[in-house]
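Listed below, chain by chain, are the residues.
2 protein chains.
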Amino acid sequence: MKKVNLAEKLAQVSAPWSPHVVAGFNGNDVMVAKFQGAFPFHDHPETDDLFLVLEGEVLLDVEDETHVLGPGELFVVPAGVRHRPRAAQEAKVMLIEPAGTPNTGDPETAVHKPRI
Amino acid sequence: MKKVNLAEKLAQVSAPWSPHVVAGFNGNDVMVAKFQGAFPFHDHPETDDLFLVLEGEVLLDVEDETHVLGPGELFVVPAGVRHRPRAAQEAKVMLIEPAGTPNTGDPETAVHKPRI
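Chains as they are written, first to last, in the numbering used here: chain G, 1 to 116; chain C, 1 to 116.
Okay, chain G solo, but in the shape it has when bound (with noise of 0.2 Å):
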């Protein structure tokens, strides 16, 4: 049982788009990533999906909306619903998910989320 420092995390990944575990809470993964570009449209049937925007602004398409999420900002986007983060500059994010979720939807494509 330790704190986790989000910024220390932070400094601690390069790549955007890759999703580091920093904590576990009741089987979710709590994730830090950095957002950067467009990832693709994509939905996780099984499971909600929570972002919390730390610094930096990210766009979320959600079906046809675009919502402007910047930091101290919450979204969840419901399970089966189709989304795509964006980012114009580097945008820093907290994630949860169940652990095991797919980043992409789909395992065939999903990255594997190191533990940091």
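It should be emphasised that the hints constitute simulated quantities derived from the structure, not laboratory data. Bear in mind that the values here come from a model prediction, so they are computed numbers and not experimental data. Don't take each hint at face value.
Identical copies go unnamed one by one, so any copy, or any two together, can satisfy a pair.
Below are the EDC-like pairs computed for lysine to aspartate or glutamate, each with C-alpha atoms no more than 20 Å apart in a straight line [stated by the list, open to error]: (1) K34 <-> E73; (2) K113 <-> D64; (3) K3 <-> E65; (4) K113 <-> E65; (5) K34 <-> E90; (6) K34 <-> E57; (7) K113 <-> D43; (8) K3 <-> D61; (9) K3 <-> D64; (10) K113 <-> E63; (11) K34 <-> D64; (12) K34 <-> E63.
Using the hints, position chain C against chain G.
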């Protein structure tokens, strides 16, 4: 589906130790609360307890250790572990627990968590 600005939600909360629900995520409540003074020691036998400090400083007594958390620092108290948050000055915190979790660990003494 809309974004949640945590600072705007916290501006609607006055009393300390009164978690307000701002979003739902896979059956969990995402809450904001102000901490000031000392909360009673308690535990949650069935669930981990996630704290993320947004503003100020929180002292988290966990069994016989005290963890000092500042903004951007999170802590997961595992299920069944006795803990007590404290704050000398007002601190602002995001919490996540399964919906219905009593904030004191005991339904008899728990506060109602309004949704805002």
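TODO: Return the numbers of the hints above that this structure violates; sort them in rising order.
DONE: Hints 2, 4, 10, 11, 12 are the ones this structure does not satisfy, whereas the remaining hints hold.
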